[in-house]
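Novice: Residues per chain are reported as follows:
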Amino acid sequence: MEVRVDQLSKAYGGFHAVEDVSFRIGSGKLAGLLGPSGSGKTTILRMLAGLEQPSSGDVYFDGRRMNDVRPQQRGIGFVFQNYALFRHMTVADNIAFGLAVQRKSRTDIRRKVEELLELTGLAGLGSRLPHQLSGGQRQRVAFARALAPEPGLLLLDEPFAAIDAKIRKELRAWLKETIGRLGITSLFVTHDQEEAVEVADEIVILHRGRLEQHGTPEAIYREPQSPFVAGFIGESTIVPDASSLRGFEEEAEHHQGLIRPEYVELFKTNRPPAVRSAAEEGVVRRQFFRGSFWEVEVEAAGAQLTVHRPLEQEPLEPGEPVHVLIHRVYLFRGGTGRMAENRRKTDPMPVYL
Amino acid sequence: MASIALGPAAESRETPAHLNEPAWVRVLLIGLAVLFLTLILLVPLAAVFAEAFKKGAAVYLQSLTSKDALAAIRLTLAVAAIAVPLNVLFGVSAAWAVTKFRFRGKQLFLTLTDLPFAVSPVIAGLVFILLFGSRGWLGPFLAEHDLKIVFALPGIVLSTLFVTFPFVARELIPLMEAQGKDEEEAAVSLGAGGWRVFFRVTLPGIKWGLLYGIILCNARAMGEFGAVSVVSGHIRGRTNTLPLHVEILYNEYQFAAAFAAASLLVLLALVTLAVKSFVEWRHRRHADALAARERQGALREEAAWR
Amino acid sequence: MRNTSKRLLPGFGLTMGFSLLYLSLLVLIPLSAVFLKAATLSWDQFWQTVLNPRVLASFRLTFLTSLGAAAVNAVFGLLVAWVLVRYRFPGRRFLDGLIDIPFALPTAVAGIALTTLYADSGWIGALFAPLGIKLAYTPIGITIALVFIGLPFVVRTVQPVLQELDHSFEEASACLGASRTRTLWKVVLPELLPALLTGFALAFARGLGEYGSVVFISGNMPMKTEIAPLLIMTKLEQFDYAGATAIAAVLLVLSFLLLFVINGLQRRANRVQRQA
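Chains as they are written, first to last, in the working numbering: chain B, 990 to 1342; chain A, 2 to 307; chain X, 825 to 1100.
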C-alpha cells in the first residue's frame, strides 16, 4: 500500500505538534520517522492509524483519502511502544484477536496463528500469558498480532525502545528481514538515528513538528539539508564560517560548514602533508581507543574537531601539535547544501613553479 | 483498604472519538449513574434535613438543646477526644514500623490491622461484653472492685477504639510507602535523632494525609452505632452517644427530634468529605507541579538537540 | 530476611512494640475471646444454636441480601466508576466527592433516612406502594440499605484501576478491527475484573456484618426480616452469651474467609498488573 501525507497539521490548543508535513512512502517500503522527543513523529503515526484526527491536511492510502475512515476500517497493523498485549489472553488468543473480529472459521484462525507463531519464532509458546514472556518475545507477539489480519500498512511506535540493548540489535535485523520478506509497507517511529539508519529503506526526519528532510539514509548522510539533520545523523562539528578555514577561503562568507570525522586527516609535525599550506595547525586534546581506530579530539581553526585515526598510523599524545588537513566541508546556505573540496590541496600552482 | 487511600484523580485529556461511545450511549450512562447516585446517596441526605425542619426551626433548635441531646453530644465528644488521639498514636507508630523497616510477618501484621474492617460492629461490642460484662470473664473481678466498664464510658471508648483503629494507619501507610525513607536516612546520617527526624522530615510530608486520617477516624468515632449500641446499655443522659440518641428518639416516633440530631451527624460527614476533597486537591496540585517540572525538563532536553 | 545489615533509622523497637501491644490488647485478645467462648460450648449446644430455624433464617437472609446488594453494587459501581473516570459532565466532581458519604455518615443516620424514604409514605416508597410493592420492612429494603453501605467499596476499587488503564489496550483493539462494544467487553472488562471482584467481595463482607443502617429499614420480623447481627443483639439482651457467641463465631469465620479471598485477589491482580 502506498501512503501519502499531504500538508498534515495537528495542534493541541496553541501547541503545534505537527505542522504542514507532506511525504510519500512507496508500496512495500520500510520507512523510519526519526526525530527527537516532541518532534511530532508519534503524532503523525497515530494520525495515519486514525487514532488522532488531523487539524488540517489529508492522509491517503493508495490514493484514497482516509481522514474520515475509523481505525477499525483502515486495514492497518499497529505495534504499540508498550506492546499493549491483552494481559488476560494467551499469546495465541492475542494473535487470534483480529482474526476473530473478522469472523474467520476456527480452523482458519488456528492455522494462521500457528503460521505466525512459526514466523515470529514463538512456536510452542502459544499457550503462555504475556507476563510469562521476555521483552523481546512480547515484541514479537505484538508484531504477530498486528500482522494477523493481513494489514496493508504496518505502523510501529518505538518498537525497540523497551528492549535490552543486547537483544535490540538482533531484533532490528530480524524485523527488517521479516518485513522485507512479507513485502508489507511499514513505518516505524524512532528517536535513535543509528536504528533508523540501520533498519529503514528511507528516513523522514522531523524537528519541532516540521519535516526537515526525507530520503534514503545514505542521501541524508551525504547531503544533509540543514544543520539540524547534519547534527542528527552521524558525528559532526559545525563551524560558523567555513571561509575562515584553510583551503576554503574562496567560498562565500558566512556559510556554516559541517565537518565529519572522515573529512579530516591528521599529520605528525615530522611528517607533514604534501601541501603543507592546505592544513591547519592544531593541538591534540584527547584521544580514545575505539577498538578498530583512535578517536582523536583536536583543536584547530578555533573549533573542536573529531577525527578517526587508523591504528596502523603512529599514535599521538595529548598536547601534541599536529597538522590538520580538512579534505572537504559540507556547506549550508538556507535550506540547501553542497560539498566543497579543499582547494589548496589540489591547487596545481606549485607544480608549475 | 483501597477505599481510604487518596485516589489518584489526574485529569486525562479529552477522550478521542475512537475510544468513546456514541453520544446517546454516553448520555444514557451518565443519566443512569446520576439517577442511581441521586436515589441512593443524595435524596437520603436531603431527607434528613427535610424531616429535621418539618416542624420548623424552633422545634429543630429545641431538640438540639434538650437536656438529653446535650448530654449525648457531650458524651460523643468525650469518646472521640479519648479514642482519636490513641488511634493516631497507633496509626503513626504502626506506619513508621511498617514503612521504614523490613521485617518478617509484615503482611500478616497488615492483615491483622485490617481485621476490624471485616468484623461486624455488633461483634466488636460483643467481645467486650464477653470480657467485661457482668457474666463475662472479668465480670466478677470488676464487680468486686466496683469498676464499671460495660454500660459505662470505658466500654463505649473501648468498642469505639476497636472499630476505628485501622483508619489512621491505613491512610498513612500507602503515603509513607510512596515517600520512601531516603530523606529520613539522610537526616539520620547528618546526626539527627529519631524524634527530630520524625517531626522535621517525615511529618511535613504526611501532614495532610494524617489530617484526613484523623478527620475520618473522628467521623467514625462520633458516628459508631452498632458496637456502641451493644455496650452502652442505652442509659439516657448517661451512656447515650449521639447516634444512640437518634435511635431512641426515632423508636419513640419523635421523628423531627431524631432527624435534628441526625442532621448534626450529616454535617460532620460533609465536613469530613470536604476535608478529603481538599487534601486530594492538594495532592493533585503537588503531582501537577511535579509533572510540569518534568515537562520543562523534556523541553530543555529537546532544546539541547538544536 | 534479605536485609541483614544494621537498621539505619531508629525507633523500630518502640513503634513495633507499641503497635503490637495495642493491636493485641484491643483487637486480638478480645477477638479470641469469641472463639474461646465458643469453644466452651459443647458441639450439641453449638449446633443447636446455629441450626435453630430462626437463626438459620437470619443467616440465609443476611447472606442473600448481602450477595444481592454486592451484585447491584458491582453493576452500578462499575457504571459509576466508568462515568466518573471517562466522561466529562457538569457536577462530576461533586458526585465523585459524594461517593464516600457511606464511609463518613453514621450508619444509624443512613438507616433512619433510608427507612423514611422507602417506607410506603416516603418520597420514594410512595411511588411503589400503589403498585403493591413494599420496599421498607422487606428483604428489598435491607438490600437497599446494604447497597448504600457497599457502594464506595466497588467504586473506589475500580476507579483507580480504570484511571491507570492505558488507552493503548483499547487502541490496539480498535486497530485490530474490533467494534467499540467488542473492545469494552473483551478487552476493558477483563482488565477491570480483578478490581471489580475485590470490590464485590469487600461490599459483600461489609454487608454480612452491617447493623446500623439495616435495623431500621428491616422491620426485624423473626424468620422474615431479621438479620444475623440483630439476632446477636437480641441474644445478648436476653443474657444468652453462648447463643450470641455461636452466631458471632459463624459470622467471623465467614468474614475471615472473605478477607482471605480478597487478599488473594489483590495479590493476583498486582502480579499480573506489574508486567509492562
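One thing to keep in mind: the hints can contain errors.
[As the list claims (entries may be wrong)] A few chain A residues that don't get close to chain X, going by computed Cβ distances all over 12 Å:
(1) K56
(2) L62
(3) R103
(4) A144
(5) F163
(6) G194
(7) W209
(8) M223
(9) D289
[What the hints assert, rightly or not] Quick list of in silico lysine-lysine cross-link-like pairs, DSS-like style, CA-CA up to 25 Å:
(10) X:K958 x B:K1101
(11) A:K182 x A:K208
(12) X:K1010 x B:K1093
(13) A:K68 x A:K56
(14) X:K1048 x X:K958
(15) A:K68 x A:K182
[Claimed, not checked] Footprint (simulated), chain X over chain A, 3 or more residues, beta carbon under 8 Å:
(16) 40-54
(17) 63-77
(18) 109-116
No lab work stands behind these hints, which were simulated from the structure alone.
A virtual CB, placed ideally from N, CA and C, is assigned to each residue, including glycine.
Novice: Take the hints in turn and mark each one as holding or not.
Specialist: Going through the hints against the structure:
1. K56: 14 Å, holds
2. L62: Given that every Cβ of chain X is farther than 12 Å from that of L62 (chain A), nearest at about 19 Å, it holds.
3. R103: Since the minimum Cβ distance to chain X is about 5 Å, R103 (chain A) lies within 12 Å and the statement is violated.
4. A144: 15 Å, holds
5. F163: 6 Å, violated
6. G194: 7 Å, violated
7. W209: 16 Å, holds
8. M223: Nearest chain X Cβ is 7 Å from M223 (chain A), so the label is violated.
9. D289: Non-interface label on D289 (chain A) holds, nearest chain X Cβ at 15 Å vs cutoff 12 Å.
10. X:K958 x B:K1101: Violated, because 58 Å separates the two Cα atoms, which is more than 25 Å.
11. A:K182 x A:K208: 16 Å, holds
12. X:K1010 x B:K1093: With Cα atoms ~17 Å apart, K1010 (chain X) and K1093 (chain B) stay inside 25 Å; holds.
13. A:K68 x A:K56: Distance of about 20 Å is within 25 Å: holds.
14. X:K1048 x X:K958: 14 Å, holds
15. A:K68 x A:K182: Violated, at roughly 52 Å.
16. 40-54: holds (count 10)
17. 63-77: violated (count 0)
18. 109-116: As far as the segment 109-116 of chain A goes, the hint holds, because 6 residues have Cβ atoms under 8 Å from chain X.
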